[in-house]
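Okay, here's what each chain looks like letter by letter:
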Amino acid sequence: MATFLATYDFLIVSMVLAAVLALTLYLPLMAGQLSVASPGFYALGGYVAAILSTKVFHPPAGLYPVSLVLVEMAVAAVLSGILGIAVGLPALRLRGIFLALATIAFVQILGVVALNLDVTGGAIGIFGIPQPFSSQMQYMWLALPLLLVSMVFVARLERTRTGRALIALREDEVAAAAMGVSPTYYKVLAFTASAVLAGAVGAVSAHFINTWNSRQGTFDTSVNLMAFVLVGGSRTFVGPVLGGLVLTALPEALRGIAGVGGLPPWFAAFLRDGRLIIFGLLIAIGTVFFPQGLITPDLLRRLGRGRRTPGA
Amino acid sequence: MTGTLLLQQVLNGLAIGSVYAIFALGYTLIFSVLRIINFTHGAIFTLGAYAAYALTGSQFGINGLLAGATFPIRLPFVVALIGGSIVAAVCGVVVERLAFRPLRARGADPLLSLVSSLGVAVALVNIAQYLFGAEPYSYPDPLAGYPSAINFGSANQPILVRTVQVVIFVVSMVMLALLTYLMNRTRTGKALRAVAEDLTTSSLLGIDTDRLILLTFVISGFLGGVTGTLIGLSVGIAGPYFGIAFGLKGLAVIVLGGLGDIPGAVVGGLVIGLAESFVPAHYIAYREAVPFALLFVVLLVRPQGLLGRAQVQKV
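Sequences listed follow chains A and B, in order. Those letters in the first sequence? Residues 1 to 312, by my numbering. Those letters in the second sequence? Residues 1 to 315, by my numbering.
Be aware that one or more of the hints could be misleading.
[To be verified] Covered by chain A, per the in silico footprint, the following chain B stretches (three or more residues, Cβ under 8 Å):
hint, region
1, 97-107
2, 241-254
3, 280-293
[What the hints assert, rightly or not] Sample of chain A residues lacking proximity to chain B, with all beta carbon distances greater than 10 Å (derived):
hint, residue
4, L5
5, P60
6, L79
7, I85
8, Q131
9, M179
10, S182
11, G259
12, G262
13, R301
[Claimed, not checked] Cβ-Cβ distance ranges computed for the label pairs, FRET-style:
hint, chain 1, residue 1, chain 2, residue 2, range
14, A, I278, B, P110, 22 to 32 Å
15, A, F267, B, N63, 11 to 21 Å
16, B, S148, A, A123, 27 to 37 Å
17, B, R106, A, S134, 46 to 56 Å
18, A, G261, B, V78, 48 to 58 Å
19, A, R164, B, R187, 50 to 60 Å
20, A, R302, B, Q304, 43 to 53 Å
21, B, P263, A, D220, 31 to 41 Å
22, A, F267, B, L66, 16 to 26 Å
23, B, A105, A, G262, 35 to 45 Å
24, A, G262, B, T200, 49 to 59 Å
Derived by calculation from the structure, the hints in this document are not laboratory data. Glycine is no exception: its CB is placed at the ideal position from the N, C-alpha and C atoms.
All chains should be modelled from the sequences, with the hints used to inform the complete structure.
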């Protein structure tokens, strides 16, 4: 077990962070809005942490204080939230494909800006972001609470007035508006909550991967997040979380399977090098055959019932 | 800015803009018929460029599965361009069958086909990487022996345009003329316009809509392959991912022109080409953001595009 954790520490923390990021795509989707803007806020959060920890704060020698990481997360979350409101207010008048396109453009613009500013380190980015922990596994002290808190938040949200308003907007915006649900207010609320969370994840990730540049939080990330949510399930928060965990582990798992003896060499080579081909096909097959994703509220209800009355 | 420099930038802008235009027409044709955005268009662009590279008889690099392989015959560039575009058209058909038809048969949400096409795009790009490796390639220069630039000005006031830009512009215009002829002067074109107007009604009137949808994907794939090869000729194939960035730029073009609007896509392409070529040298690093900034602004101010009519949300 100890060697397993030591070998896969990076992967395990990445899985947890990916699950949180998947929730940032899920939040606006609860209101029926496909926004892929959260990689942009994730990138912003990372830059905030990278700049604060390397240029602004001058911590004593030794491990970087965790309290400062928490401060960075808070700053990143607030800045992302402000940008979220500023972008969300005009952009969320758009629907469907237009919103998706506008948010793609937003991520692209942020990427170009990050590539060209001095404060973000240009194309090289920011190196040597200080480490608050002596081992990568200890990042779980930040990543796991972040995941649990956001899961509880979204789970509670699904059962509150706000959450029901979001779901009403997803099912029928015109009818919901007629019932007194303000579409703009709730859409911007969900969008901003997503931005805040993505900013906080970015701040942790910047420390975790030790370097931050314009290749973080790009359109690639958007595609991955869509895969997490749509393959995992877009109708309950359990879907994105499991999708993020499993699909992040998938490439490593395929590499592991390729290492098992007895496979034809071409197949083993394909599993190793063609991982992303399989990933892409999974997204396509998932959306074609499981349009609501693998985990649906129905499935969860059936599982729940099975547990309470065994044998039924 | 002096007059000659201005004119030179206009010519450069028109050349790149004409490629954007025919690339964006690939998106537009499919959108006009199916109301969906085919995210594989950028990947098909890449595959077309690689196929044309192979057909010129050039050798593949050292990293992919096809490392060191060469196509047995060395075809002239023009034939390779057409051949590569045919390969791209075939990819378009595969994409239609894999990512779009199953969802259409169920009448699924258009956003789902957006995601399934993204999945196929990821798969295609990585198939390209698996086969050809990640290294950049450049075509054997078909213009070797010609001057590298043409002077459109006078001897003492030169307006120099790279020959390759001129070739690109001419090929784009030929494609545009062929497409205009097809859409406006043939029975098939009439049927295509009818299907774009109303899919259900035209199928009731006896138009084989499935066949026409397939044809749309063939034309769109072909246009994608042509642009991939032209851009590859101009700046080289940068690697399997080079179509993705270009594909996203194409989205800016179609939004600018109005989704599904054919003349709009041409205008949008030219506008973005010109806008890019007029970015001041001091801010040249921000050029890549220009199409997306335009996309964002147009979506907020005029979501129906420059030429489009406003659409009324019906209940």
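Structure-based check of all given hints:
Figure legend: the region 97-107 of chain B, annotated as covered by chain A; annotation consistent (5 residues with Cβ-Cβ distances under 8 Å, at least 3 required). Under a criterion of three residues with beta carbons nearer than 8 Å to beta carbons of chain A, the stated coverage of the region 241-254 of chain B is upheld, 4 such residues being counted. Counting residues of the region 280-293 of chain B whose C-beta sits closer than 8 Å to any C-beta of chain A gives 6, which meets the bar of three, so the coverage hint holds. Residue placement check: L5 (chain A) keeps its beta carbon more than 10 Å from all beta carbons of chain B (closest about 30 Å).
Here P60 (chain A) stays apart from chain B, with its beta-carbon at least about 38 Å from theirs, past the 10 Å limit. No beta-carbon of chain B is positioned within 10 Å of the beta-carbon of L79 (chain A); the least distance is around 20 Å. Interface exclusion of I85 (chain A) from chain B stands, the closest Cβ pair being 15 Å apart, more than 10 Å. With a minimum CB-CB distance of about 31 Å to chain B, Q131 (chain A) clears the 10 Å threshold, and the non-interface call stands.
At roughly 14 Å from the closest C-beta of chain B, the C-beta of M179 (chain A) stays outside 10 Å, upholding its exclusion from the interface. The claim that S182 (chain A) is not at the interface with chain B holds, since no C-beta of that chain comes within 10 Å of its own (minimum 17 Å). With 10 Å as the threshold on Cβ separation, the claim that G259 (chain A) sits away from chain B holds: the shortest Cβ distance comes to roughly 19 Å. No beta-carbon of chain B comes within 10 Å of the beta-carbon of G262 (chain A); the shortest separation is about 22 Å.
Once the 10 Å rule is applied to beta carbons, R301 (chain A) is consistent with being away from chain B; the minimum gap is 23 Å. In this structure, I278 (chain A) and P110 (chain B) meet the distance hint of 22 to 32 Å, their C-beta atoms being roughly 26 Å apart. Our hint of 11 to 21 Å for F267 (chain A) and N63 (chain B) holds, since their Cβ atoms are close to 19 Å apart. For the pair S148 (chain B) and A123 (chain A), the supplied restraint of 27 to 37 Å holds, since their beta-carbon distance comes to about 29 Å.
In this structure the supplied range 46 to 56 Å holds for R106 (chain B) paired with S134 (chain A), their Cβ-Cβ distance being about 53 Å. The beta-carbon spacing between G261 (chain A) and V78 (chain B), approximately 50 Å, falls within the hinted interval of 48 to 58 Å. Distance hint for R164 (chain A) and R187 (chain B): a CB-CB separation of about 53 Å, consistent with the stated range 50 to 60 Å. At roughly 45 Å, the beta carbons of R302 (chain A) and Q304 (chain B) sit within the given window of 43 to 53 Å.
Checked against the hint of 31 to 41 Å, the C-beta distance between P263 (chain B) and D220 (chain A) comes to roughly 34 Å, which is consistent with it. Taking the beta carbon of each, F267 (chain A) and L66 (chain B) are about 18 Å apart, inside 16 to 26 Å as hinted. For the hinted restraint 35 to 45 Å between A105 (chain B) and G262 (chain A), the CB-CB distance of approximately 40 Å keeps it satisfied. Between G262 (chain A) and T200 (chain B) the Cβ separation comes to about 54 Å, which falls inside the hinted range of 49 to 59 Å.
The structure agrees with every numbered hint stated previously.
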